[in-house]
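Student: Given the coordinates of chain A, assemble chain B onto it according to the supplied hints.
2 protein chains.
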Amino acid sequence: VNYAGPIADGEFDLRAQPVRTNRSTQHWWVELLQNEQVAATATGVFASRRQTWSSVEARFPEVPQAATLPRYPNVGRAQWTQCYDMRFVQGEMQFSAPAPPPQDSASTLWIRDEPPRPLDFVSLLAISDAFFPRIFVRRPLWTPIGTVSFTTYFHADATTLDAAGDAAVLGVARAHQFRNGYFDQSAEVWAATGALLATSHQIVYYKE
Amino acid sequence: VNYAGPIADGEFDLRAQPVRTNRSTQHWWVELLQNEQVAATATGVFASRRQTWSSVEARFPEVPQAATLPRYPNVGRAQWTQCYDMRFVQGEMQFSAPAPPPQDSASTLWIRDEPPRPLDFVSLLAISDAFFPRIFVRRPLWTPIGTVSFTTYFHADATTLDAAGDAAVLGVARAHQFRNGYFDQSAEVWAATGALLATSHQIVYYKE
Numbered sequence: 012v013n014y015a016g017p018i019a020d021g022e023f024d025l026r027a028q029p030v031r032t033n034r035s036t037q038h039w040w041v042e043l044l045q046n047e048q049v050a051a052t053a054t055g056v057f058a059s060r061r062q063t064w065s066s067v068e069a070r071f072p073e074v075p076q077a078a079t080l081p082r083y084p085n086v087g088r089a090q091w092t093q094c095y096d097m098r099f100v101q102g103e104m105q106f107s108a109p110a111p112p113p114q115d116s117a118s119t120l121w122i123r124d125e126p127p128r129p130l131d132f133v134s135l136l137a138i139s140d141a142f143f144p145r146i147f148v149r150r151p152l153w154t155p156i157g158t159v160s161f162t163t164y165f166h167a168d169a170t171t172l173d174a175a176g177d178a179a180v181l182g183v184a185r186a187h188q189f190r191n192g193y194f195d196q197s198a199e200v201w202a203a204t205g206a207l208l209a210t211s212h213q214i215v216y217y218k219e
Numbered sequence: 012v013n014y015a016g017p018i019a020d021g022e023f024d025l026r027a028q029p030v031r032t033n034r035s036t037q038h039w040w041v042e043l044l045q046n047e048q049v050a051a052t053a054t055g056v057f058a059s060r061r062q063t064w065s066s067v068e069a070r071f072p073e074v075p076q077a078a079t080l081p082r083y084p085n086v087g088r089a090q091w092t093q094c095y096d097m098r099f100v101q102g103e104m105q106f107s108a109p110a111p112p113p114q115d116s117a118s119t120l121w122i123r124d125e126p127p128r129p130l131d132f133v134s135l136l137a138i139s140d141a142f143f144p145r146i147f148v149r150r151p152l153w154t155p156i157g158t159v160s161f162t163t164y165f166h167a168d169a170t171t172l173d174a175a176g177d178a179a180v181l182g183v184a185r186a187h188q189f190r191n192g193y194f195d196q197s198a199e200v201w202a203a204t205g206a207l208l209a210t211s212h213q214i215v216y217y218k219e
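As you go down the protein sequences, you meet chains A and B in turn. For the first sequence, the residue numbers in the working numbering are 12 to 219. For the second sequence, the residue numbers in the working numbering are 12 to 219.
Calculated from the structure, these hints are not laboratory results. Treat the hints with care, since some could be wrong.
Pair ranges (Cβ atoms, derived) [claimed, not checked]: (1) A:125 - B:94: 48 to 58 Å; (2) A:132 - B:129: 42 to 52 Å; (3) A:46 - B:90: 42 to 52 Å; (4) A:129 - B:133: 37 to 47 Å; (5) A:204 - B:218: 24 to 34 Å; (6) B:78 - A:170: 45 to 55 Å; (7) A:36 - B:20: 20 to 30 Å; (8) A:128 - B:47: 36 to 46 Å; (9) A:132 - B:32: 24 to 34 Å.
The beta-carbon is built from N, C-alpha and C at its ideal position, and this holds for glycine as well.
Isolated chain A, as found in the complex (with noise of 0.2 Å):
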């Protein structure tokens, strides 16, 4: 997903055009429109999955259990905060200036829909994303900003999600860079059960 301008509250057009199909594999182009404006684009690769050999090299963390930890306040946080039980293990977000200040902007924490519900790929791309930005981390200043360009790579298939249910799923995320108004963002979505259910990329915008 590519985010071209400012999207508003309020309607907006999709337009849907595949690129190229065959058995396997599609490709589509998706336009955002409002105002007759294009707001944002996206590319969608889909492709069906058949047994292969596998391994997962990426390593879950070893971390408290959700139950034992305490629910972040979504209290006076941006609106869509309040769609999520979020439970820090580490790289909470805190705009009162900790001391010392963090030295990365690293996060883990445990999250889940709210109200639960059970995980499907819709609710996995949307955590995949929901991820406060990086230099609120490790700045707490704040400071606008706005993704520019979002990519998840889903690593699970439907058995996966299913044996996931409604449990809260582990996020991780970190930036490699900060530079001149923009900084990327890299995560993985871990399930309880220790299945790696998505990684996602991004690159943010932001303005000093």
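Tutor: Relative to the frame of chain A, chain B by itself:
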């Protein structure tokens, strides 16, 4: 970049159109056509960079200098490998089974255009995709593979590229998961000076 079908050696047409542009950013949509079929699509996002607070969070790995390492033999390898001087610190691809087999697919290598030329955005983009497919590093077996979707984020500006000159850059690549016909790859490209030049992410099909 999304690969929608096989691309043959030979001529192709490119259709590029601006989706939305303003003073500081441009969004483009590009299609590669061959035999009147879309073989690949791409979105390009361009932006001017203004000086801001900046910080590198990823770490330049501790590695020996490129000159102290042997050059990777590319005789008998794929044609594109002739375009690079590669010197592996870790994670060489090998089809003669090592003992014991590698437990992960991580690679760290110095890489330089062959013949040498000053780094620019085109060569940096190519280098960010010049890693051997992770499955070949993980398993000493020939497996048909094909990149499906590929994203590079440039963290460097022209000044940083100029400073990198024609010296070898350091590439680091790893997979998070191989599963049922698809694996991902995340990579970093660093200048020898310690500047982070680019990060890239891709998802790759493999056939068994």
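Student: All hints are to be evaluated individually against the structure, with a verdict given for each.
Tutor: Hint check results:
As the Cβ distance of residue 125 (chain A) to residue 94 (chain B) is approximately 51 Å, the hint placing it in 48 to 58 Å holds. The supplied range of 42 to 52 Å is met by residue 132 (chain A) and residue 129 (chain B), whose beta-carbon atoms lie about 44 Å from each other. Between residue 46 (chain A) and residue 90 (chain B) the beta carbons are some 49 Å apart, a value that agrees with the proposed interval 42 to 52 Å. The hinted window of 37 to 47 Å between residue 129 (chain A) and residue 133 (chain B) holds, with their beta carbons roughly 46 Å apart.
Hint check: residue 204 (chain A) to residue 218 (chain B), Cβ distance near 28 Å, so the stated range 24 to 34 Å holds. A beta carbon spacing of about 50 Å between residue 78 (chain B) and residue 170 (chain A) agrees with the range 45 to 55 Å that was offered as a hint. Checked against the given bound of 20 to 30 Å, the beta carbons of residue 36 (chain A) and residue 20 (chain B), roughly 22 Å apart, stay inside it. Separated by about 45 Å at the C-beta atoms, residue 128 (chain A) and residue 47 (chain B) satisfy the suggested range of 36 to 46 Å.
The hinted range of 24 to 34 Å is satisfied by residue 132 (chain A) and residue 32 (chain B), whose Cβ atoms lie roughly 32 Å apart.
When the structure is compared with the earlier hints, no violation turns up for any of them.
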